[in-house]
Structures are given as structure tokens and as C-alpha cells.
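Enquirer: Residue-level listing of the chains:
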Amino acid sequence: MLEQSIFYIFAALLVVSAGLVISVRNPVHSALFLILSFFCSAAIWLILQAEFLAIALILVYVGAVMVLFLFVVMMLDINVSTLREGFSRFLPVGLLVALLMLVAMGLIVGTAHILPDTGSVAGQVESGIGNTRLLGRVLFTEYIYPFEVAGAILLVAIIAAISLTMRKPRARRTPKPGNQVNVKREARVRLVNMDSATGNTGEQQQDD
Amino acid sequence: MIENLFNIISDHVLAPVVGWIVPEGYAASTLYTLEVLVKIMAILLPLLLCVAYLTYAERKIIGYIQCRLGPNRVGFFGFRFWGLGQPIADVVKLLFKEIIIPTGANKRLFVMAPVLAMAPSLAAWAVIPFDDTLVLADINAGLLYILALTSLAVYGIIVAGWASNSKYAFLGAMRSAAQIVSYEIAMGFALVCVLIAAGSLNLGQITAAQSGSILHWYWLPLLPIFLVYFISGVAETNRAPFDVAEGESELVAGFHVEYGGMAFSIFFMAEYANMVLIAVLTAVLFCGGWLSPFQGLPLLGNVSYLSEPNIFWLLLKTSLFLFMFLWLRATFPRYRYDQIMRLGWKVFLPITIIWIVVVSVMVVAEAPPWFN
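Going down the list, the protein sequences come from chains A and B.
The first sequence: position 61 = 61 (the numbering used here), numbered continuously.
In the numbering used here, each residue's number is its place in the second sequence (first place is 1) plus 208.
Chain A extracted, bound-state conformation (with noise of 0.2 Å):
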């Protein structure tokens, strides 16, 4: 009972921020609602018992990518108006692949499962190994190929990222700190004898 209440206090604040992100004007806030609703998949996940899979999410999603996100969202000066032209243009084919989507996955999940379950899914998992070993033991046994084909992607992707946004070398103005700690008082101060009434001046030598 207390399990599928929470279902719905979740699955319904989840459709009702995900159809905000869409809707809201400032895209600050749509980015924020964007969060709200990966919090509410995530729940969602927890109630499952997918613990890793939910908290991965939280971690990845909300905690890294969204927060890089509203940086850049915030940052820029974006024009309202002109981003909410499109919405009713686009609405009717955003609504056929939301469509096709539904079919897709319930062609895929089977009616069965879509009403929802009274009874619980602990069962399922084995007891006391934890989601999070067992999710590992798959993917290093069974997947690894798939699991290890998709880490080649990622390290594509972020040689492919650095090096668009490389510049060259002389171009960059990094300081070197091991030049920087290095630095003597002599390569930098001076010391000038100046006599105030002539006004010519002297080098003279350092004398402490």
C-alpha cells in the first residue's frame, strides 16, 4: 500500500515536471525542472530496487551533467520569444514520436506489465547480494564486450571533445607554477639609488 502510494506521488510529480520543462518560459527553470524530474525516475528506480541504477542517475545526471548544464544555461543570454516560436509548430511531430514511443515500449514490455503490480518486486533480486554486485558481476562476465565497446566510445568522444576545443600551444597562456615557485627577487626588483636633488640615478648594489 505504502509502496504504491509512493509510486504515484512519484510517477505523478515526474510527469508533471517533465511536461513543465517543456512549458515554462525561462529556460533556468525548465533546466530545474529537468532535475526535479530525474529525481522522481530516480524514486521511482529506488522503489524497484535498482539502488545503483538510481543512484547512478542522481550522480551522473543530476550531480555532474545537469549542474554543467544550467551553467552554460544561465550564462547565456537567450531570447525567449524566438525559443517558444517553434513550440506549436513542432507540437505535432513531438506528439507522433511520443506516440510511436508509447508503442514501442509497450510492444516491447508487454500489456502485462503496464497495470500496475500489487505485489512486490522484492522477490526478484536475491536477498543480501545487492543490486550494485550484481549489476557488476554482468557487466564484467556476461556484457563485456558491449560493456568494454561502449568505454572505447566514451574515451572517443572525449579525445574528440578536447581536441576541438584545443588550441594550440603558443596560443594558450597557461602560467608554469615550476617556473613560477622558482622565481628569484633578483629576476624581478630592481634596486635604484636615486638622488633626490640631482635626480641622477645609480645602480646600487643589493646589500642585504
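Be careful, since some hints might not be right.
Claimed, not checked - If we take Cβ atoms under 8 Å as the criterion, some of the chain B residues that face chain A in the derived model are:
#1 Leu292
#2 Ile296
#3 Val300
#4 Asn348
#5 Ala349
#6 Tyr353
#7 Leu355
#8 Ser359
#9 Ile366
#10 Trp370
#11 Asp546
#12 Met549
Stated by the list, open to error - Here are the simulated lysine to aspartate or glutamate pairs, EDC-like style, with alpha carbons at most 16 Å apart:
#13 Lys176/A with Glu306/B
#14 Lys247/B with Asp346/B
#15 Lys375/B with Glu186/A
#16 Lys247/B with Glu211/B
#17 Lys247/B with Asp339/B
#18 Lys375/B with Asp298/B
What the hints assert, rightly or not - Label pairs and their calculated CB-CB ranges:
#19 Leu154/A with Leu431/B: 27 to 37 Å
#20 Glu3/A with Asp546/B: 42 to 52 Å
#21 Pro576/B with Phe147/A: 25 to 35 Å
#22 Pro432/B with Val183/A: 21 to 31 Å
#23 Gly271/B with Glu148/A: 23 to 33 Å
#24 Ser196/A with Gly271/B: 18 to 28 Å
#25 Glu232/B with Glu148/A: 51 to 61 Å
#26 Asp546/B with Thr198/A: 20 to 30 Å
#27 Val246/B with Glu3/A: 22 to 32 Å
#28 Leu528/B with Leu135/A: 31 to 41 Å
#29 Tyr545/B with Ala150/A: 27 to 37 Å
Don't read these hints as lab results, they were simulated from the structure.
Since the structure is predicted, the reported quantities are computational estimates derived from the model, not experimental observations.
We treat Cβ as the ideally placed atom computed from N, Cα and C, and that holds for glycine.
Following the hints, complete the assembly by docking chain B onto the known chain A.
Expert: Chain B only, in chain A's frame:
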């Protein structure tokens, strides 16, 4: 001892009251919920008191380091008591100040931001083990939960900076966000080292895996990681010497420049609660948590009350790390921003990645005395 207290409260206070009010069928679940609430209060109230007196400790310790006396006027009932009344006076003062919402600020987000900053640092305490049985939620993915919650603290800062509609606040938020995101990566990898060493994500099991003696604690096999974790923790909490987010000289006070009264003090409390959290996590992950430092020693190890695991050891270790936080603040000048970024990305990240390999080899080779 503490569990007995809980049992007494639950049997003699909660159970009769619940039995009197709630219908028969719901009594058990209501009692359970109430017990959990009592436990939450038993963690949070001392924590908030700690936070209040940590501000006093900070002013006092930094005062003594700088040859001053620190706060020594406000006491109770006409007695000064070394200024122990100061935090209470501060709280009362902040409570009665007006919260000013700047024009052009986003009102809802402006009010929500302190809550967003405070909530994760309190929620993380759910999985901290105070004893081998004394833990609110003994979950398997405890370390992941901690990592996820510490990564959320940045939202309070970003939202505060943006909602204030002020240049200084926004710049402070940007700095702080970039800093937290970069140090979180090093922190995450440091935690990966710990979980490889312990073979578990459960914080209680991680502590239990360190039992043996002071040399069995993970500070020794994970020495570089221990340092990286603690320093990243200092950076993550925006404390000196990494407190560019609130650099007074250039940003006035950073992200919370527009906040006053209680809204400001919630930010303040969030920062100190985060410090306590990082200190207790360092103690749990690297310094044996509730285990005694005298355990397994030749002479003192035979004294039973010294060598037995106890919650007070955890509190003692936490206080030690908190003192380190204050000591660092009193000692070091503020880092330059590019130096902070360099330290995070070019020094800490490679160290943690190399040490993941080293620890994995040690675990596979069952290196004595830690992993056999």
C-alpha cells in the same frame, strides 16, 4: 548503551501513546515510523548543536592561533563561561533580522536555495555508522549514496547565485560550481579506491574491514588517497584555502551576498554541516571509524576499555579532522583560481587513477597485513 535508551523510549513512551491514539491495525507501522523519526532527531539535534559550537570553536581556535582571545563576553546568567553563549546569541540575532529579497530576484528560487544547500548535508547522515549496529539506514550502496548527496550540495549555491540577480553572487556561484564539479571527480575516484580495498559499498562493512590495529586502517595503504580525499573535501566545502567562491576582496561575499538573517545563516550552517560530514567520512573511510586506535597494540591493547570499539572514538577522530579544517584556515592564504583548477585536474586526478591500479594489484595479490 544508546540502543538501550532507544528501546526504553520506544517501549515506554512511544508504544503506549501510539496504542492509545492509533487504531490496532496501523499501530505497528506508526510505531516504526515514529521510531525512525526519533532516531533522525537523535542524529540531527546534536549535529546542529555541533554546527553551532563549531562556529564558536572556529573563532576561538583561530583567535588563539593569532594570539587573540576570540569571543569571551557572552555567557549565561551573568557568568561569562569563556564566551560559550556566543553561538546562541548569534542565532537569536540572525533569527530576528529581516530577510531582504532584492528587486528583480527570483523570489521562489531565492528562498529555496538555502534549503537546497542544507538538505543534502543533513540527509547524508542517514548512512553514517556510529557504531557497528548504530546506524539509521544500513544500506548496501551507502558510499554511492554519500557520493550522490555530496554532489547535490552545489545546487544550493548555483541557484542562490542566479536567483539573487546580482553580478557578485552570480560570479561567486560560477566559481564555486566549477570548483565543486572538478574536485568531485577526484573525490569519486578516491572513494573508488576505498571500495576496492574494502570490497563493499556499505560504510559499516568498510569500517569493519579496517579492524586489527591502527596500522590496519586504510590511511596507510591508501595514504595518497587519504590526503587527496581530505583536501578535496576542504575544496568541496568551499573552505579556506579554497574559498574563492566568497573571496571578500573581489566578490564581496560570493554567492550569499544578497542574503541576510536566517536565510544567510542556513547557508552558513550548511557549510559547517558539510565540514562535519567530510570530517566524519574521513574518519569512517580512512581512520577506522568507531574502532579504537589502541586495538592490537602490545601493552595498551590489553586494557579493555581503551581497546574496545566505541562511538567516542569516532567523535574524537571527527573532532580532530574538524580541527584540521580550522587549522588550515588559520594557516594558509587563499589559492589563486587557476592553481585550484590545476591542483584538482592535473595533480589529484592522476594520483587517484594511479592509486586505483595500485590498490587493485594489492587486493589481488592479497598484500599483508591489510588484504589477506
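Enquirer: So does Ser196/A sit 18 to 28 Å from Gly271/B, Cβ to Cβ?
Expert: violated (45 Å)
Enquirer: Would you check the hint for Lys375/B and Asp298/B, treating anything up to 16 Å between C-alpha atoms as holding?
Expert: Status violated; Cα separation ~28 Å.
Enquirer: Next item in the hint list is Asp546/B. Is there a CB on chain A closer than 8 Å to its CB?
Expert: holds (7 Å)
Enquirer: Interface hint check: Tyr353/B, Cβ to nearest Cβ on chain A, cutoff 8 Å. Holds or violated?
Expert: Holds: closest Cβ of chain A sits about 6 Å from Tyr353/B, inside 8 Å.
Enquirer: Can you confirm whether the C-alpha distance between Lys375/B and Glu186/A stays at or below 16 Å?
Expert: violated (40 Å)
Enquirer: How about Ser359/B: closest beta carbon in chain A under 8 Å, or not?
Expert: holds (3 Å)
Enquirer: Starting from the range 25 to 35 Å, see whether the pair Pro576/B and Phe147/A falls in it by beta-carbon distance.
Expert: Holds, since Pro576/B and Phe147/A (Cβ atoms, about 33 Å apart) stay within the stated range.
Enquirer: If I claimed the Cβ atoms of Val246/B and Glu3/A lie 22 to 32 Å apart, would that claim hold in this structure?
Expert: Check passed, 23 Å falls within 22 to 32 Å.
Enquirer: Against the 16 Å threshold, does the CA-CA distance of Lys176/A and Glu306/B hold or violate the hint?
Expert: Violated: Lys176/A and Glu306/B sit about 48 Å apart, past 16 Å.
Enquirer: With 8 Å as the cut and Cβ atoms as the points, is Leu355/B at the interface with chain A?
Expert: Holds - the Cβ of Leu355/B comes within 8 Å of chain A, reaching about 6 Å at its closest.
Enquirer: Against chain A, run the beta carbon of Leu292/B and see if the smallest gap drops under 8 Å.
Expert: Leu292/B check fails; min Cβ-Cβ to chain A is 38 Å, beyond 8 Å.
Enquirer: Would you mind confirming whether the straight-line C-alpha gap from Lys247/B to Asp346/B stays at or under 16 Å?
Expert: holds (13 Å)
Hint violations for this structure: numbers 1, 2, 3, 12, 13, 15, 18, 23, 24 and 26, all remaining hints satisfied.
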